[in-house]
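*Asks:* These are the residues of each chain, in order.
Number of protein chains: 2
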Amino acid sequence: MRATKVRLLLKYSKCRVESFRRLSDTTQQRFPVNRGDFNRLNDGHRMYFQQLLGNNRILTEEDDLAKYNKDWFGFVKGSSQIVLKPKTTEEVSQILSFCNENRLAICPQGGNTDVVGASVPVFDEIVVSTELMNEIIDLDENSGVIVCQAGCVLENIDKKLEASGFMVPLDLGAKGSCHIGGNVSTNAGGLRLLRYGNLHGNVLGLEVVKANGEIMDCLSTLKKDNTGFHLKHLFIGSEGTLGFITKVSLQCPPRAKSINVAFLGLQNFDKVLKTFRKAKEDLCEILSAFEVMDFSTIEFSKDTLGITSPIGNYPFYLLIETSGSNSEHDADKLNKFLDTVLEKHLALNGTLATEPTKVNVSTNIHRCIQGGIN
Amino acid sequence: MRATKVRLLLKYSKCRVESFRRLSDTTQQRFPVNRGDFNRLNDGHRMYFQQLLGNNRILTEEDDLAKYNKDWFGFVKGSSQIVLKPKTTEEVSQILSFCNENRLAICPQGGNTDVVGASVPVFDEIVVSTELMNEIIDLDENSGVIVCQAGCVLENIDKKLEASGFMVPLDLGAKGSCHIGGNVSTNAGGLRLLRYGNLHGNVLGLEVVKANGEIMDCLSTLKKDNTGFHLKHLFIGSEGTLGFITKVSLQCPPRAKSINVAFLGLQNFDKVLKTFRKAKEDLCEILSAFEVMDFSTIEFSKDTLGITSPIGNYPFYLLIETSGSNSEHDADKLNKFLDTVLEKHLALNGTLATEPTKVNVSTNIHRCIQGGIN
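Note that the protein sequences, when read in sequence, are chains A and B. Be aware that the first sequence starts at 1, since it is given in UniProt numbering, and climbs by one per residue. Be aware that the second sequence starts at 1, since it is given in UniProt numbering, and climbs by one per residue.
Since the hints were made in silico from the structure, they are not lab data.
Since the list gives no way to pick out one identical chain from another, each pair is judged satisfied if it fits inside one copy or across any two copies.
Straight line, CA to CA, 30 Å or less: simulated BS3-like cross-link-like pairs of lysine-lysine: (1) Lys344 / Lys278; (2) Lys336 / Lys278; (3) Lys85 / Lys70; (4) Lys67 / Lys85; (5) Lys87 / Lys210; (6) Lys302 / Lys224; (7) Lys160 / Lys87; (8) Lys302 / Lys271; (9) Lys274 / Lys257; (10) Lys159 / Lys278; (11) Lys87 / Lys70; (12) Lys160 / Lys336; (13) Lys67 / Lys159.
Please model the entire structure based on the sequences and the hints provided.
*Replies:* This is the structure we're talking about:
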């Protein structure tokens with residue numbers, strides 16, 4: 001099913017963006033997709049789910065279902081007739097086991113912030129939402145390892161970590177609504193992947209329910225765990241096709257005390273690459289993001305969101321973020337780096353934000369570009 | 001076969017170390033292991049390997065075979081009759097395909113620096129050594145991604161990276177002889193795992209030959225690669241049981257310009273944990289190693305290797321390494337940290353090494369402890 005979606009997206013990605021706004025049509029009406037040989041939801045199935053979850057954790061009204069059937073971009077629209085909201089791994093296991101035995105297709109869903117149409121049903125799949133699986137189970141204040149349910153919102157995990165001096169190792173535009181289970185199942189990257197690497201390195205353990213309801217406990221919390229086969233990696237980035245992630249154990253780095261953001265304008269891509277090498281050399285351990293945008297991207301965001309470049313027009317722009325533990329040291333490194341790239345004419349112009357508000361404004365330019373595409 | 005080895009090691013780990021020195025006996029003579037139903041090497045097999053590799057890349061004399069049959073600890077001893085030294089992936093593929101068709105057991109071997117008896121044959125398995133697969137294929141000086149054959153020695157990769165301002169993200173006592181293929185297949189950690197994470201995060205791609213000779217190309221060089229299933233992780237840490245690693249693509253961080261090492265003496269484990277938290281807070285982005293040793297460990301090394309604690313006797317010792325891009329900033333952070341832990345009586349005594357020679361001496365204390373166990 002996922003493969004069909006990917007092919008669809010590739011096929012239609014060249015169409016005009018506007019054409020995807022007609023959300024009165026469902027995915028199956030607009031695209032040449034064929035429903036698999038699955039059973040359709042009947043009263044017996046509904047009754048089973050009601051007995052399992054109670055009426056409060058099942059949605060069946062069209063108005064309630066709407067937001068679970070369409071994606072964030074308004075790109076695709078499913079026609080699921082039911083949303084289930086389990087709270088525990090055991091409930092997920094029972095749902096999956098029942099659906100497997102009754103040939104009912106399901107669509108796991110986290111915060112539904114996905115931008116490639118992969119988190120909503122294509123047809124009438126049962127949506128199994130992690131919305132109510134939002135418990136933070138444990139935080140080890142020595143190791144910085146947090147264990148939580150898959151439905152925890154990324155920003156809530158980060159807030160919990162803040163009090164103990166840690167932070168989540170990924171930063172996404174959708175952090176206020178995306179779920180950690182969705183982040184892991186899509187191997188989400190984000191702005192700070194450059195510094196902290198991807199989730200294969202940061203996820204220490206997973207608890208997963210297989211399609212037949214079997215619970216796999218790979219929920220290690222040990223950073224140097226080398227025992228047995230490392231099966232958890234199969235579920236990182238495989239988008240729910242191999243299993244339903246129910247719990248996550250995440251290694252979190254110390255929280256940065258000092259964050260600076262520089263926004264630069266450059267003449268060509270060769271200078272972008274040279275500036276990247278210089279940034280790795282001079283900023284090294286404090287470099288936390290290095291994002292490239294070209295003129296068209298900023299123009300596109302200006303037209304759509306009214307966001308303009310703070311430094312005028314250039315063929316290329318760089319957003320460079322540093323995160324460190326000592327503001328004086330960080331400022332010293334960043335100033336020396338900026339002096340060098342301007343002196344060597346690698347960058348033509350630039351601005352520096354060190355106050356938290358300005359830092360947020362600068363990083364939001366980049367985060368909003370994604371929104372600008374919508 | 002690997003499972004048998006693990007059970008053996010667990011069973012006999014409580015025996016006196018001396019008992020493992022009697023290397024006149026082979027593993028199968030000393031332990032209750034049963035050879036699988038594999039064929040034995042005959043002249044026809046030898047002829048095939050000679051035609052494939054020529055006489056210079058095959059060892060069959062007992063003296064030549066000796067070092068491939070015993071492990072670094074002198075813990076186990078196999079009785080392989082032949083060592084094969086392929087140079088290319090295609091040769092590995094042909095060897096594995098032939099062995100698979102002829103029911104011949106094989107033992108992949110890298111630098112044979114393994115310390116749990118897993119890199120040598122248990123019986124008469126054919127040793128397939130990566131010794132001659134030592135070509136560095138590519139280094140991208142922008143991204144720091146290096147691609148090389150599995151038999152490259154870790155230290156040689158590091159030397160190649162040094163000229164471009166990068167370093168390998170793992171530091172092992174055996175770096176002068178261990179092979180990157182062995183590092184990956186055992187998911188080797190080492191002193192700097194704390195900073196750079198394990199190989200699931202740092203390995204971007206692998207080329208692997210399956211037992212039937214099929215070549216799997218997962219040799220991506222893209223850090224943010226999110227396409228398809230991430231099958232390469234199955235081979236990281238599975239010790240050759242699922243496939244023979246032939247090529248590795250590795251993400252390498254910028255090389256540190258400043259390295260400092262502190263060696264501290266502490267009163268109890270609670271203070272070790274508190275010092276760890278303080279180190280993460282104060283040293284944060286420059287903290288690259290934090291290794292704990294207790295009194296018995298240092299005493300053991302003193303008796304065996306003549307290495308003594310440079311600061312007298314304490315119940316616990318810490319080796320703390322910082323790596324950064326600015327020696328002044330690093331020294332400032334480390335001095336403040338040390339002042340605090342001494343003032344707060346977290347540490348009772350300590351010494352600091354900033355010159356490269358002293359740094360090497362200090363880190364060698366820890367590296368040699370492993371040797372002291374032998």
